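Chains G and A supply the protein sequences, listed in that same order.
Oh and the first sequence: position 73 is 93 in my numbering, straight run, nothing missing.
Oh and the second sequence: position 273 is 1420 in my numbering, straight run, nothing missing.
Everything labelled a hint here was simulated from the structure, so no lab data went into it.
Worth double-checking, as some hints may not be accurate.
Taking lysine to any residue and the SDA-like style, the derived pairs with C-alpha atoms no more than 25 Å apart in a straight line are [claimed, not checked]:
| no. | chain 1 | residue 1 | chain 2 | residue 2 |
| --- | --- | --- | --- | --- |
| 1 | G | Lys67 | A | Asp1394 |
| 2 | A | Lys1252 | G | Thr112 |
| 3 | G | Lys154 | A | Ile1211 |
| 4 | G | Lys148 | A | Arg1261 |
| 5 | G | Lys47 | A | Tyr1406 |
| 6 | G | Lys67 | A | Ala1400 |
| 7 | G | Lys67 | A | Tyr1381 |
| 8 | A | Lys1161 | G | His150 |
| 9 | A | Lys1377 | G | Asp127 |
| 10 | A | Lys1217 | A | Met1234 |
| 11 | A | Lys1252 | G | Asp48 |
| 12 | A | Lys1417 | A | Asn1355 |
| 13 | G | Lys47 | A | Asn1355 |
| 14 | A | Lys1217 | A | Lys1260 |
| 15 | G | Lys47 | A | Tyr1403 |
| 16 | G | Lys47 | A | Phe1215 |
| 17 | A | Lys1217 | G | Lys31 |
| 18 | A | Lys1217 | G | Cys81 |
| 19 | G | Lys47 | A | Asp1408 |
| 20 | G | Lys169 | G | Ala95 |
| 21 | A | Lys1377 | G | Asn133 |
| 22 | G | Lys148 | G | Trp134 |
| 23 | G | Lys47 | A | Glu1251 |
| 24 | A | Lys1217 | G | Arg155 |
| 25 | G | Lys31 | G | Ala95 |
| 26 | G | Lys154 | A | Asn1355 |
| 27 | G | Lys154 | A | Met1234 |
| 28 | A | Lys1260 | A | Tyr1381 |
| 29 | A | Lys1217 | G | Lys67 |
| 30 | G | Lys154 | G | Ala95 |
| 31 | A | Lys1377 | G | Trp103 |
| 32 | G | Lys148 | A | Pro1447 |
It should be emphasised that the depicted structure is a prediction, and the values quoted were computed from it without experimental measurement.
One letter stands for each residue in the lines below.
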Amino acid sequence: MALENAIIQEKLTQKFGNKVLNFGMSKDIFSFEATPDAIHEVIRTLKVDEEFNFHFLTDLCGIHYPDNDENHQFAVVYHLHNWVENSRIRITTFLAGENPEVNTITDLFLTSNWMERETWDFYGINFKGHPQLKRILNMDEMISHPMRKEFPMEDSGRTDKDDRFFGRTAQKL
Amino acid sequence: MSDLLLLPEHRYAKIIEQTRNEDGSELSILNLGPTHPATHGIFQNILLMDGERILDAEPTIGYIHRAFEKIAENRPFYQVNVLTDRMNYCSSPINNMAWWMTVEKLLDIEVPKRAQYLRVIVMELARITDHLICNSILGVDTGAYTGFLYVFQFREKIYEIYEEICGARLTTNMGRIGGFEREWSPKAFELLNTFLEEFPVCWKEFENLFERNRIFIDRTVNVGSITAEKAMAYGFTGPNLRAAGIDYDVRVAQPYSSYEDFDFIVPVGKSGDTYDRFCVRNAEVWESLSIIRQALAKLPEGPIHADVPDYYLPPKEDVYNIWKA
């Protein structure tokens, strides 16, 4: 028997009350929102509960919404997958713009270790309780979090740089 | 590089200080790299060693991070595709198709059956090239260079097919939103049919060279094995996961691009070691060949791309001949 979305919604609402919200289908994946203080427990429930059995973490990533209000500046998105029932679920948690932080889920999924490090690296989202939260792709000396929207791509028509130093022109003296 | 000299607060420094073996020997640090273990994808490992045993490793994987996500922020959908080529250029058409399918899902575009089947063919060809490299390079790494050179000529044959379809060989940028850019030429099908005739002979020989080879078995069996539970916890997918004994294949679980129309088995391994991974990939190549044959046999007639005028130029003959003002 397939895992019914309505049952997931009912069970989670029963357990977490108003900490889980906005259930709905979004491009054929059942999605909902959870508050940051409940997210660890929600994911633990989804994994451990025998009926849910979402045992596989497909993806974990950050998103920056600069136009949202102060409490919804960042989002962490979790994609879980139950292979037995073949159903997927997407959980979003919104974080505040100042010092965004959320509990780690490395105790539930080993693979989230590197994913959380990447999210920290690129968005500056702090995962509380992560065993080794340091930059993974960028160099340690870097001080910014480059996937934030306040860092736009360099304007390709920029003229204040001397192209000779970047190997872009052969001769320009 | 500051990492070469281990900082006193590094966690390995503490472990070394606290650990003393019975015979009085100490643990040591070895810096491996930055190197290119697979020709590309350079990375560095700081290894904690007990004699010749590696106890722990701290990899630095970001040396060739290319910030595709950031570049993609400023580009229209169809310009992102060239970036996907570069993610795994051993099988770039698969990445291309994955990107198109994502965009099509976003735009609610229904791709015609013929384009879907052609995509399956091209994706399976890409899978073959990828597995071919993976397995033959494994041969090189275990001391058998011949197999690699022998099967590599067939990668060339596949690239000729790509070239006939889209004009490019390695970084293909194949397809468009909603299907393909143009109908495949008769020569593409001709090359494909020749490949389907010649390649299995070569692949069978390649398999025979390795599968029961004493040296190869000694060097791969029980090497780098991973249990099914661990593979799942670490988020493995693809042949690496199946080699650990889990029969999960996204082509079966959530068929895309009409994979539900084809019959194929999902090969699984048992112990998740290097040998099992090798065998799973070998078996998958045979399945891919069978999928391509089925797709060619059932290939429907029809349009090559969906009706999305935003992403296609109208056919030339219509432009010049039909005047509906």
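**Report entry** Distance restraint between Lys1260(A) and Tyr1381(A), which requires alpha-carbon spacing of 25 Å or less
**Finding:** 36 Å, violated
**Report entry** Hinted pair Lys1377(A) and Asn133(G), Cα distance within 25 Å
**Finding:** Distance ~14 Å between Lys1377(A) and Asn133(G) Cα, so the pair holds.
Report task. Verify the proposed pairing of Lys47(G) with Glu1251(A), using a straight-line Cα cut of 25 Å. Result -> Given pair Lys47(G), Glu1251(A) holds - Cα atoms ~11 Å apart, limit 25 Å.
Query raised in the report: Taken at face value, is the distance from the CA of Arg155(G) to the CA of Lys1217(A) at most 25 Å?
Result: Measuring from Cα to Cα gives roughly 17 Å; hence the hint holds.
Query - Straight-line alpha-carbon gap Lys1417(A) to Asn1355(A), limit 25 Å - result: OK: Lys1417(A) and Asn1355(A) at ~21 Å, within 25 Å.
Requested in this report: Below or equal to 25 Å on CA atoms is what counts here, so check Lys1252(A) against Asp48(G).
Outcome: 10 Å, holds
Query raised in the report: Are the Cα atoms of Lys148(G) and Arg1261(A) separated by 25 Å or less?
Result: 50 Å, violated
Query - Hinted pair Lys1217(A) and Lys31(G), Cα distance within 25 Å - result: 38 Å, violated
Query - Restraint status (C-alpha distance of Lys67(G) to Ala1400(A) at most 25 Å) - result: 20 Å, holds
Query raised in the report: Does Tyr1403(A) lie within 25 Å of Lys47(G) when you go C-alpha to C-alpha?
Result: Cα-Cα ~15 Å, so holds.
Requested in this report: Below or equal to 25 Å on CA atoms is what counts here, so check Lys154(G) against Asn1355(A).
Outcome: 46 Å, violated
Query raised in the report: If you draw a straight line from the CA of Lys67(G) to the CA of Asp1394(A), is it 25 Å or shorter?
Result: 20 Å, holds
The structure is inconsistent with the numbered hints 4, 13, 14, 17, 26, 28, 29, 32, although it conforms to all the rest.
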